[in-house]
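**Student:** Line by line, the protein sequences are chains A and B.
By the count of the working numbering, the first sequence reaches residue 385 at its end, each step adding exactly one.
By the count of the working numbering, the second sequence reaches residue 385 at its end, each step adding exactly one.
Note that these hints are calculated values from the structure, not bench results.
Mixed in with the good hints, there may be bad ones.
[Claimed, not checked] Just the calculated beta-carbon pair ranges, DEER-fashion:
#1 B:Ser136 - A:Ser118: 54 to 62 Å
#2 B:Val62 - A:Gly164: 32 to 40 Å
#3 A:Ala175 - B:Gln317: 48 to 56 Å
#4 A:Thr68 - B:Ala299: 28 to 36 Å
#5 B:Asp64 - A:Glu27: 55 to 63 Å
#6 B:Gln317 - A:Pro151: 48 to 56 Å
#7 A:Val46 - B:Glu54: 58 to 66 Å
#8 A:Arg26 - B:Pro72: 23 to 31 Å
#9 B:Gln317 - A:Gly164: 28 to 36 Å
#10 B:Arg24 - A:Pro151: 51 to 59 Å
#11 B:Glu67 - A:Ala175: 26 to 34 Å
#12 A:Leu66 - B:Ala244: 16 to 24 Å
Ideal Cβ placement from N, Cα and C applies to all residues, glycine included.
There are 2 protein chains.
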Amino acid sequence: MIAEQGEILAANEEDWARGREQGTSPSLLDRLKLTPERLVGIAEGVREIVQLPDPVGDLLETIERPNGLYIEKRRVPLGVIGIIYEARPNVTVDAAALCFKAGNAVVLRGGSSALSSNRRIVAALRSALSSTGLPADALQLIEDPNRSSVDEMLKLNGLLDVVIPRGGASLIQNVVKNATVPVIETGAGICHTYLDDTADYAMAEAIALNAKVQRPSVCNSMETLLVHADFAGKHLPALAEAFRAANVELKGCAKTRELVSTAIPAGDEDYATEYNDYILNIKVVADLDEALAHIRRFGTMHSECIVTETQAHADRFLQEVDAAAVYHNASTRFTDGFEFGFGAEIGISTQKLHARGPMGLPALTSTKYRITGSGQIRS
Amino acid sequence: MIAEQGEILAANEEDWARGREQGTSPSLLDRLKLTPERLVGIAEGVREIVQLPDPVGDLLETIERPNGLYIEKRRVPLGVIGIIYEARPNVTVDAAALCFKAGNAVVLRGGSSALSSNRRIVAALRSALSSTGLPADALQLIEDPNRSSVDEMLKLNGLLDVVIPRGGASLIQNVVKNATVPVIETGAGICHTYLDDTADYAMAEAIALNAKVQRPSVCNSMETLLVHADFAGKHLPALAEAFRAANVELKGCAKTRELVSTAIPAGDEDYATEYNDYILNIKVVADLDEALAHIRRFGTMHSECIVTETQAHADRFLQEVDAAAVYHNASTRFTDGFEFGFGAEIGISTQKLHARGPMGLPALTSTKYRITGSGQIRS
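Chain A extracted, bound-state conformation (with noise of 0.2 Å):
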């Protein structure tokens, strides 16, 4: 890839240019654009995977029947796996090369915007396939640019096992409601910080300003800041402070405004809005138990953190809330796959089927029961 990368550039330069005259949004571009320096971190990434241990044969159960069957349970590739995502370059390597791994044929649906850089950039993945000696065909771009393409994609069950689609929430929305082949949903998320009465200030500010402002624009981020009517009387005030150097735009409930006299009313309806930005929800509640409830109404199971000082409210909160990822102490933002350790990430499942919270390369695996016997048959 690094030795097209004359080509690729050049490929690139012309989505670019195109995106500009069409009046494409400048983060939209920047996400579109790719330099020398972007091509070897995702050439580095791509280097990083094939150093990973390869999950497929992993032995993971093994049974033995009185009857003599001896019988394992073993990774396989789960097959053919469809990803559609948007303008994002560095998406068709990285998808590719993960599925690759994982020993899977992969056909990329990539937006648009981008189709110049994904042709170049597949063909190179397509001779480094053929190159080593496997099919290139393995790898698949689908090139047309009209949406029917994805409409058909999503229904070609038999030929896909799975669709993972990477991006926004319609770009998401228009995956599961279109489907029939099997889906991996990936990406809203409404996380909640829920600061306990007996959460230490020091450890409550830093996490709580870590998971709204280190990175606004991703799913793992706070979009909603719970506080038990206790700690907010006596640390609302400075913790809003804080916030606002940090340039967060502040909404809040009746409580929340007696207490922070900058901060503009929040309803239902920004509970259930998943900003990714500089904006933040406050909501003063009585105790865990509202919280609780709270989270239940508008939180989209995807990363829920409590600080506290009490074990017994930490143990109720990672019992009780139903999402992918629950934290104690700890920022929401660490719902990573790199973060969690497994060297990888293909996306972070926000459903409960097959895959939940980061997937590493196991999530792009399927099993297969292989059975040894001696002649036995079935009374």
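Starting from the structure of chain A, add chain B where the hints point.
**Tutor:** This is chain B only, laid out in the frame that chain A set:
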């Protein structure tokens, strides 16, 4: 349930009488029928499920990170499970009991011809839930006999975590094609047994007969027998005679018909048919490669078997055949949760996502990451 058997049997009698009036087939009427003995058997099945170990809370993985975060991955209930099935009142009890045992709520939609029975059974189960302090609403029966209620159920994203269809091919395909909630596909099995050139004749005959006739109506029974040409030349006439003695109608390729005069021609359409009946396709193949190619083309990735004394062939077959269960020298009829020692079975998954092959209680669970920190934030 046994305590209310009078009411349940009376309700079942209503369904049965209505079915007979409407000309329902004898085999469907038999599946619909409850008797005092069958109720005892169903109740016994529930008691066995109660005795199984509870999968919820199982610790699957622990991760200690260099920054001090401690991560546990534990089993949690899937949530709300929808089951769509046919006119078999025993499934009402069995599916509900399995879902409850794994901590889930359940929404049942049984065949409309069993509606009276299901109403009474669900009333009994709901009062049993209440009497143990559990919410009766954890079990719901959709009573609307119209198809539209199924269509609506299949779109309840956010309310149902998964739908599992149990029944014939058309029911399953309707669910797969129309659901936007996650589905676990169960069912269709076009299973093969391949008799290699070194297969032991006595073992081959016993396994092939068992795979076909021990219970032809089920998904793990054999539909097509593949026979190595050398083995066929020596043994196929005798083997065909054994099948004919067991009342199996034989279809075959041209080479089969040279050796077995009573076989009628088999073509691609036959190889692609799940008979679930006393009918068998026979195809003579040149070698293991041709057998593997046939299975790749016509198999439904359910259960596949090789009978051979050549270990290298067995190894290749177990490795290369892409199916939920692959067998060496044992009948495909063993693909079953009870036969695998799971103590229960909610169905046999024929998809690769989430669960593959016989599904016991763990297939009715999801996972959750519980992360404990001491103030960690992401930098």
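**Student:** Per the hint of 28 to 36 Å, is the separation of the Cβ atoms of glutamine 317 (chain B) and glycine 164 (chain A) within bounds?
**Tutor:** At roughly 33 Å between Cβ atoms, glycine 164 (chain A) and glutamine 317 (chain B) fall inside 28 to 36 Å, so the hint holds.
**Student:** Taking the Cβ atom of serine 136 (chain B) and the Cβ atom of serine 118 (chain A), is their distance within the range 54 to 62 Å?
**Tutor:** Hint holds: Cβ distance 56 Å, inside 54 to 62 Å.
**Student:** Can you tell me whether the CB distance of leucine 66 (chain A) to alanine 244 (chain B) sits inside 16 to 24 Å?
**Tutor:** violated, 41 Å
**Student:** Taking 23 to 31 Å as the hint, is the beta-carbon distance of arginine 26 (chain A) and proline 72 (chain B) inside that range?
**Tutor:** violated, 43 Å
**Student:** Given the range 55 to 63 Å, decide if the beta-carbon distance of aspartate 64 (chain B) to glutamate 27 (chain A) lies inside it.
**Tutor:** holds, 56 Å
**Student:** Could you see if the CB distance from valine 62 (chain B) to glycine 164 (chain A) stays within 32 to 40 Å?
**Tutor:** Distance hint for valine 62 (chain B), glycine 164 (chain A) holds at roughly 34 Å.
**Student:** For the pair glutamine 317 (chain B) and proline 151 (chain A), does the Cβ-Cβ distance stay inside 48 to 56 Å?
**Tutor:** holds, 52 Å
**Student:** Taking the CB of glutamate 67 (chain B) and the CB of alanine 175 (chain A), does the distance hold inside 26 to 34 Å?
**Tutor:** Given range 26 to 34 Å: holds, Cβ gap about 30 Å.
**Student:** Does the beta carbon distance between arginine 24 (chain B) and proline 151 (chain A) stay inside 51 to 59 Å, or does it fall outside?
**Tutor:** Given range 51 to 59 Å: holds, Cβ gap about 56 Å.
**Student:** Looking only at beta-carbon atoms, does the pair alanine 175 (chain A), glutamine 317 (chain B) fall within the given range of 48 to 56 Å?
**Tutor:** For glutamine 317 (chain B) against alanine 175 (chain A), whose Cβ atoms are near 53 Å apart, the range 48 to 56 Å holds.
**Student:** Starting from the hint 28 to 36 Å, judge whether the C-beta atoms of threonine 68 (chain A) and alanine 299 (chain B) obey it.
**Tutor:** For threonine 68 (chain A) and alanine 299 (chain B) the Cβ distance comes to about 30 Å; the hint holds.
**Student:** Do the beta carbons of valine 46 (chain A) and glutamate 54 (chain B) sit within 58 to 66 Å of each other?
**Tutor:** Given a distance of about 60 Å, which is inside 58 to 66 Å, the answer is holds.
Going down the numbered hints, you'll see the structure goes against 8, 12, while the others check out.
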